[in-house]
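J.: Here is what each chain is made of, one letter per residue.
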Amino acid sequence: MIEVENLVKKYGEVTAVKGISFTAQSGQVTGFLGPNGAGKTTTMRILVGYSPPTSGKAVVAGYDVFDNSLEARRRVGYLPENVPLYRDMSARGYLMYLGEIRGIKNRRARADESLERVGLIDRADSRIRTLSKGMRQRVGLASALLHNPPVLILDEPTIGLDPLQVLELRSLVSELGRDHTVLFSTHILSEAEQVCDKVVIINQGQIIAQGSPSELRSELERGGRVLVRVDAPAEAALETIQNLPGVRHAEAAVDGIIATPTDAHNDPRPQIARAMVERGWNLMELRPLAVNLEEIFLEVTRQQTAAVIEEAALGSAAIEASEEEEILS
Amino acid sequence: MTDTPMTPVTTTTEPHAQSVVEQGAAFPWFAVFKRELVLYFRSPIAYGIAFAILFLLGLLFNGYVTQGNGQFPADSTYAPGLLTFLTFLIAPLLTMRLIAEESREGTVEVLMTLPMNESQFIIGKFLAAWAYYTVLLLLTLVYHFMMLTIGTPDLGAAFGAYLGAWLYAGAVLAVTMIWSAVTEDQIVAAFLGAATVLVLYLSQIAVSWLSQQPGISGLAELVRELGLQAHYDATLAQGIIRAEDILYFVFMIVGALFITTRIVETRRWRS
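Which chain is which? The protein sequence lines are A and B, in order. Throughout the first sequence, residue numbering follows this note's numbering, covering -17 to 311 in sequence. Throughout the second sequence, residue numbering follows this note's numbering, covering 78 to 348 in sequence.
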């Protein structure tokens, strides 16, 4: 269980995390989703007790990460973003070293158990420098699992893996989610949709949406907007759709026409379909907007991004600040 | 490639939620200490330092004895005294890697999210460097045994000189380690470390100039007391064991380790 309340992290003038609150339940995979530089890594570093928050509160496995840092750290397995490892050690040696610091008694057996779990037991004696990127990622994951912690925090665990490894890792993460609290960050939207029970979307240091993927979807579909793609003169099609009784507003978009219904609970699609067919046009596509996380994400970040561009135009100070933020995070 | 797929829970049906929380090692620094010490004895650099120092010491010792040509009594304080001076070169080479490498590789992020405080981490690192230096110092005991064959060196002076050399090295290692925490660049850390120790060593020059200036004799005395030479060359190296000299080295060690700890902490907090 992870509870975050009004967490703020400032680096001098720059605020990387601007008062976020969320919870990650036990027995669930919580996805931490956002573009690069959104504040994901900063938040995770606070949660693992590496970096203290400027203000706000974070409780991991029942312990405050700042006031009771060591107790919280005992209960967390952490995979940092770039998977730092001692390259001159063997995979097993590395795990045993961490195990010794953690005070694990039967270190060798526990190290082997973890390596087995990530499918790397046959390379246990290989020096880490000789392992491939995917294998190193697994060594990092094994080190997070070593002490069998109730909470796992994985920072972009699928980055740099080949497609097969990505699939394996995702299934391992889902598996772990059954009996752990897993918080896992990614900027790949489809990944979050596949693996997570709950998604927290973060951008510019703020949470802009959270909920289960299906909750988020229905929330954004509630507007009932639909996308129409039709094989017809654009002007004529737009006008036809605009004039349908069930459609309040229609506008041309890059990939078709977006129609907003007069009543959100009244699906305008049958009307549109009929109208198109009556005029003898080929209806290519007709679907509700925001059906996947990608569209939800673009939708919720759109206004924010627009605001930022405006702000940036007002003065170069804002641009500098966001650049600095990128470097820091 | 032997790249077996990851096999989750399928092999073990035991639910992992019933995890037992480890109480943590009683002395996590000891794990760090052991790893670092083993690394010294595995690294070619450490052997290179040992070889170069012992070789140089051997040459100088040879010159010292042959020049003396039986004209003055056997003296066992020569080798530790010389090693102490050379420490301004040895210490930075031994400590430059300790923290800089962890920062550069990012492994400090792994260690500092384990149930271990900065101080434990720093102490483990420092003690490993000091232990390696101790081995080096013990190797120079060979000159003491040579002296025993040609005369009767003052054992009290020898003891003072070796004890002093050991404490002196501890202080210098602790001071040079600060730079390893400040920068991720090992070469920069080594250079700044050597420079810092030289300043502390050569502060004696400033003292003689300061003491000639009217009205600031107190300042001259302060600088003298802060310098390394005042607490070794004139006292311990002669076999004079004074509490204030021992306390000086102990305070230097504790102070430097404290500063290093705060630097590592600050770097972590800012990340």
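Certain hints may be false.
[Claimed, not checked] Among the chain B residues that face chain A by a calculated CB cut under 8 Å, a handful are:
1) 105
2) 184
3) 189
4) 191
5) 193
6) 195
7) 340
No lab work stands behind these hints: they were computed from the structure. C-beta: ideal position from N, C-alpha, C; glycine also.
J.: What are the numbers of the hints that this structure violates, sorted from low to high?
T.: 6 and 7
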